[in-house]
Amino acid sequence: MSTTNSVVASGSVSGAPWGSDAHLQVVPPPPSLGALGAMVEPLHESAKMSAVGLRASFGAREILKGISIPLYEKHVTAIIGPSGCGKSTFIRCLNRMHEVVSGATSVGQVHLDGQDIFSMDPVRLRRRVGMVFQKPNPFPTMSIRDNVLAGLRLNGLKVAEPDALVERALRQVALWDEVKDGIHRSGLSLSGGQQQRLCIARTLAMEPEVILMDEPCSALDPIATARVEELIHELKKDYTIVIVTHNMQQAARVADYTAFFYMGELIEHDRTDVIFTRPAQQRTEDYITGRFG
Amino acid sequence: MNIRSHFTYRKAVDRIVRGLCLLAALLALVPLFSVLYYVTARGLGGISFEFFTELPTPVGEEHGGVANAITGTLTLVGLACLFGIPPGVLAGVYLSQFGHTRLGKIVRFSADVMSGVPSVTIGIFVYSLLVVRTKQFSAYAGGLALAVIMLPTVTRTTEELLKLVPEALREAALGLGVPQWRTTLSVMLRTAAPGVATGIMLAVARVAGETAPLLFTSFSNRFWPGGLDEPTASLPVQIYTYAVSPYEDWHSQAWAAALVLVALVLTLNVAARVLVRHRVR
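Protein chains in written order, with the working numbering: chain A, 1 to 293; chain B, 1 to 281.
Extracted from the complex, chain B is given alone in its bound form (with noise of 0.2 Å):
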């Protein structure tokens, strides 16, 4: 092959590669937008005012809404991040300073497994934890098994990213007399905070729509909640109660609530990424 038909050769393959890659790209988007598609044209027809503000009401009976599910499913992510966040970020510090000892190895290897196991097993685990225990499905139980499925992503995350900070800002923080642990959360972790902040979101968003774990946990309510330790509606388990319902006119209401949960995540998502682009500048 002479030099000029191998430099032809070299351009072909190197077209056919970048359309193939052009290709699985596209590929992996179809998903992502059929979903968006098609929860948006089913969704938005049962999308009205009582929506938001009205409790469920019966099969047959119209002008319903998922008012209780949506501030169900606010109540569930605000205490799982409140159970989840703390030790989360707080391990990933220590596996970050300390993640080269032996419990150190321990503990990022237990994280790895935790990050593996199925929702609806730690839907269990905190039913025989907490809901035998008290008798009663409630908010703090749901929260506490969204928080369990969260811990492992927040500490991996707040480790690989306390990882990424330059060495020479811990040290420029030493070198002025700044104590260890301050030097680690106000230096560090300031530092890694977007990053950090960018990994909670991703795994809000994931505990967000788990269904399985909530089962047995806050369970469902078709009223508002007297407290924390009632049972709680939230919009996954109220989309799953309506899915699998004969009744066409719930069909269509978890079809609007399916729309008004990705809108929750997506909103609360991009809320994250603006609040901490705004602080950390």
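Pulled out of the complex, with its shape left as it was, chain A reads as follows (with noise of 0.2 Å):
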């Protein structure tokens, strides 16, 4: 790539956020990293999150390659690109799960509610970060209920009326009525739809402010992958939520705004209606009508 066009998308500052008056600027590159700071202040929206020219490695690898984006509250935000293009680095910058691989690296800003999340503990920003992942991952030694449970007995904490608390993100994930004549039966004992919705209770149940999904969908089936949909929808009410996905359509589906990532940078970042009917950018139009990815 010869240039790195920065996009931000910008609207009247009074505008409702689904306002028609929105269109798309593009910036050229900034000169330093304060400028492009300023320049993703989000103007319709308070971003719970936003990133600010952050670079993360592999070793000698840069995966990232300077990313800026703001992550509005209360609303979902897909990453879109190909295979490699950084968009799992990317959510797992955001609580800080990037620098658990030995070798991996990150510079850059990443703010939550303003606050450099480099300078928290790791720990305790992923209670509010919360992260779902690819492949279904409950613990295999515990109960369903237990499962629930796991995040806040490991980290010790008293948990004053166990029962109310499952039933409660059991019923969040529409899992309740599935399991709760056996919500003593080992977590594998469900399938993998159950599995992933279980992992989604079990990452509520922390109560974290932001859920970071990581191709939550793409080990489930079609009807799996609708319900998971549904709850997504769901739970932007209370939380800001990232989704990872190679699933355009599902992008479409979920999203408010969207992402594209193409090769460790952002391409272009906008509401989702806007990314999938007028992209200001030839390559985000290329990935999305199929031609290449």
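Calculated directly from the structure, the hints in this document are not laboratory data. A hint or two may mislead.
[To be verified] Computed, partial: chain B to chain A, Cβ under 10 Å:
1. Leu174
2. Ser186
3. Arg190
[Stated by the list, open to error] Label-pair restraints from in silico Cβ distances:
4. Thr105/A / Asp14/B: 51 to 57 Å
5. Pro87/B / Pro162/A: 34 to 40 Å
6. Pro86/B / Met120/A: 33 to 39 Å
7. Arg102/B / Ala219/A: 35 to 41 Å
8. Asp177/A / Thr71/B: 52 to 58 Å
9. Thr105/A / Val30/B: 56 to 62 Å
10. Asp286/A / Glu167/B: 32 to 38 Å
11. Met120/A / Ser110/B: 37 to 43 Å
12. Lys180/A / Ser110/B: 49 to 55 Å
13. Pro87/B / Gly192/A: 37 to 43 Å
In this text, a Cβ means the ideal position worked out from N, Cα and C, and glycines have one as well.
These two chains come separately, so use the hints to put the complex back together.
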């Protein structure tokens, strides 16, 4: 790539979030990080999290080459892009799971409610920014009930009314009616889709503020996928959600905002309907129309 | 060779190789079953109620038992577990986490070398370390020698089994904001527990039958030991003493004691398996 244009969505400040007057602005590469930080200030939503000039590497290989993006509160942001574009690495940076792998490093800033996450304790950060993984990964030695309580218990937190909490979390993911008679069975006895919803319930039990989902439906069949998508719709009333997906239809269905990543760079970020109907960048259009990727 | 004759040829080879495999498997079972059969056949005659409740008697006197050797073996194995399992498991955890570092490689290499050291050498090591200094054969020394023998097995088994736990579980726990140490102990080690327990049982089974290191450490005792700091009888040493003696009735006692030892190890093994299966499901 010869140029690295950053693209930000901008609309009139007073306009409604979904106002028709939003337009795109192509901004030339910024002279410094500071200027970039100023540019990505959200205009019509408050950003729960925002990345500023985020770079991430595995050893000498740079995966993210300076990502700046706001993630709006109580909205769903989808990250799309071809394999290896850095989508997963990006969201793994958001709760500092990236640095858990040996040889992985990151520079730049990520803010959560205006506070830099790299100055926070990672364990505390992860309690506020929960994560759902690609493959359902319930704890095999624990029952369904204990899986929901796992995060709290392993953190040594006293649960005042565990039964109520378990029921609430499982109801939130619409799993309660399916499992209420066998709450003490192993989490592995569930189907793949149920396991994934159990993992989401486990994350919700920690009462996070942001939920990161790394291709949560890629191991699920279409029916289970539909249920998880329905769930995402419900959850965005209370949570800020970032979802990585390979499936562009899924991004179109669940996301309010969509960001297109390509080769470690953010090519375009805008409202989902704009990205899918009139993207500003040729590469975005090529990707979503299936010309590559 | 046309395709048809090649087919019959291939079938024939398949049958021959399968036959050889079966033969090899049966051959491997022959020593196991002949030992079990022989020990049972020769030992069963010497088993009586007194054998489990009485102390050894002098030659020619009837109704002697090996009660002190049975409790002695249990004591020594118990002490070996106490001294050997915690450091072994923790070293295994360390290797699974930091095995790629310089120190990790040294620790792993040492463990591998240690598992090849003859047990009699370890007996002498503990003898000079503990027995010479305290001027006393003791259960402590015996337990320590057995623990040293167990250590490398426990360490390497723990490491290998922790490596088998899917990385996804570590990420799941870390993603929930669980601290690293808690993730390793409560999720990774917990998930690997059945395998680790099996590895520990194999190590216990091995040391329960060790004779050589005990000759220098816990020695032997014809009476009940007064405490853990006194010489302690054990089944392997008792078997050895009886077996090398010239007396016929001691020989039959040795067979009976061997049968008890085999049964003891088998019971420990089965019990551990059942326990683990019940707790971890």
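* Which hints from the list above does the structure break, by number from lowest to highest? -> none
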